[in-house]
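J.: Now for the letters of each chain:
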Amino acid sequence: MRLLWPHRPIRIETPQFTMRTMSRRQVARATFPWTNDQDVMAAINLKAGKWLLRRWRRRFARVDNRRTFCFGIWERKEKRFIGYHVVQLQKKGVALIGIVIGDKTWWGKGAACEARAAIIDYLFETKGVHRIWGTPFARNFPSIYNYQRLNFTYEGVMRRHARSDFADGADVLIFGLLKEEWMACRAASAPRTDE
Amino acid sequence: MNNAAMDLVARALDRSISDVPTNGTIETVPGWDSLGHVKVLLLLEAELGRLLMPAEIATIRSVSDIDRILGAAVSR
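Top line first, the protein sequences correspond to chains A and B. In case it helps, our numbering puts the first sequence at residues 1 to 195. In case it helps, our numbering puts the second sequence at residues 1 to 76.
Check the hints yourself; a few may be wrong.
[Said to hold, decoys possible] Among the chain B residues that face chain A by a calculated CB cut under 10 Å, a handful are:
#  : residue
1  : Ile-26
2  : Glu-27
3  : Ser-34
4  : Leu-35
5  : Gly-36
6  : Val-38
7  : Leu-48
8  : Pro-54
9  : Ala-55
10 : Thr-59
11 : Ile-60
12 : Ile-69
13 : Leu-70
14 : Val-74
[As the list claims (entries may be wrong)] Here are the in silico distance ranges between beta carbons for each label pair:
#  : chain 1 : residue 1 : chain 2 : residue 2 : range
15 : A       : Thr-18    : B       : Glu-27    : 43 to 53 Å
16 : A       : Arg-160   : B       : Gly-71    : 21 to 31 Å
17 : A       : Asn-36    : B       : Leu-42    : 19 to 29 Å
18 : A       : Gly-128   : B       : Glu-27    : 28 to 38 Å
19 : B       : Leu-42    : A       : Pro-15    : 27 to 37 Å
20 : A       : Thr-126   : B       : Glu-45    : 19 to 29 Å
21 : A       : Pro-15    : B       : Ala-55    : 33 to 43 Å
22 : B       : Ser-16    : A       : Thr-105   : 21 to 31 Å
23 : A       : Arg-29    : B       : Gly-71    : 44 to 54 Å
24 : A       : Gly-128   : B       : Ala-4     : 29 to 39 Å
25 : B       : Asn-23    : A       : Gly-156   : 22 to 32 Å
26 : B       : Leu-43    : A       : Glu-181   : 24 to 34 Å
Simulated from the structure, these hints should not be mistaken for lab results. Every residue, glycine too, gets a C-beta built ideally from N, C-alpha and C.
When you get a sec, could you build the whole thing from the sequences and use the hints?
T.: Okay, structure coming up:
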């Protein structure tokens, strides 16, 4: 049991969602059905339908709930699992983040923004983080939109940097957010999280 | 500003052009959510006849951004 939960689980609530940390086994099992969904897999530049659970689980090998956390996202009404948010605490004060919403009924409804805003609050307020960054695929337009809506700054592109099942590497963009920028944005007017 | 950018956003989001002000942004234009954003960018690529560059994709968040890209295409 200690291996699965090296630290106390973290729980974060938003108006529509409950997020809590998962073990790598839990997240692999919960997300495995999505490996057959072309739309979900295309968003992360992977082909659908060729995965074994054992191989899929390797994608979450770094999840240790010490430096790399995987927050499962459950919608609160029906307690249905809809996605996950990864947080990797890197060098002092810097966190890399990423999100997958696998339940397509939640696409275009602001789930990613709502969940991410709560994760950002958590990281800046309780984990001593001063910079958060993310690296969406350049062709993942919804993901880019979500970074823009939360006032991340575009910082550059890494050409053909990421693994892709469809080409020899995929371009990824760099979006960054500093704590003072987030606090100023929160103070001025909270970013809308309804899209 | 040329009306082409407003018209493009309105067509992509299936709205009237009166719903799309010249200073419209992803925060203010009705229907410009994450899925609407996909429609806007794909229609822009169709109009340009090419894929958008990563730096262009990353910086489109308003009608004026689209106007800038359309304007640059015309002046080439």
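J.: For the hint 43 to 53 Å, verify it against the beta carbon of Thr-18 of chain A and that of Glu-27 of chain B.
T.: violated (27 Å)
J.: Using the beta carbons of Gly-128 of chain A and Glu-27 of chain B, state whether their distance is inside 28 to 38 Å or not.
T.: Check passed, 30 Å falls within 28 to 38 Å.
J.: Please verify that hint: Gly-36 of chain B, Cβ, nearest Cβ of chain A, below 10 Å or not.
T.: holds (7 Å)
J.: Hint validation: Ile-60 of chain B versus chain A, beta carbon distance must be below 10 Å. Holds or violated?
T.: holds (9 Å)
J.: Can you tell me whether the CB distance of Leu-43 of chain B to Glu-181 of chain A sits inside 24 to 34 Å?
T.: holds (31 Å)
J.: Less than 10 Å between beta-carbons is the criterion; does Val-38 of chain B satisfy it with respect to chain A?
T.: Status holds, d = 5 Å.
J.: Quick one, is the Glu-27 of chain B hint okay against chain A at 10 Å, beta carbons?
T.: At about 6 Å, which falls below the 10 Å cut-off, the nearest Cβ of chain A leaves the hint on Glu-27 of chain B intact, so it holds.
J.: At a threshold of 10 Å, is the proposed contact between Leu-35 of chain B and chain A supported by beta-carbon distances?
T.: Where the cut-off is 10 Å and the nearest Cβ of chain A is about 4 Å from Leu-35 of chain B, the hint holds.
J.: Are Ile-26 of chain B and chain A close enough, Cβ to Cβ, to be under 10 Å, as the hint says?
T.: holds (6 Å)
J.: Have a go at the Pro-54 of chain B hint: is there a Cβ in chain A nearer than 10 Å to its own Cβ?
T.: Hint holds; Pro-54 of chain B Cβ to chain A Cβ min 4 Å, cut 10 Å.
J.: Going by Cβ atoms only, is Ala-55 of chain B closer than 10 Å to chain A?
T.: Ala-55 of chain B check passes; min Cβ-Cβ to chain A is 6 Å, inside 10 Å.
J.: Look at the Cβ atoms of Asn-23 of chain B and Gly-156 of chain A and judge whether their distance stays inside 22 to 32 Å.
T.: This hint holds: roughly 27 Å between Cβ atoms.
Hints 7, 12, 13, 14, 15, 20 and 24 from the earlier list are contradicted by this structure; the remaining hints agree with it.
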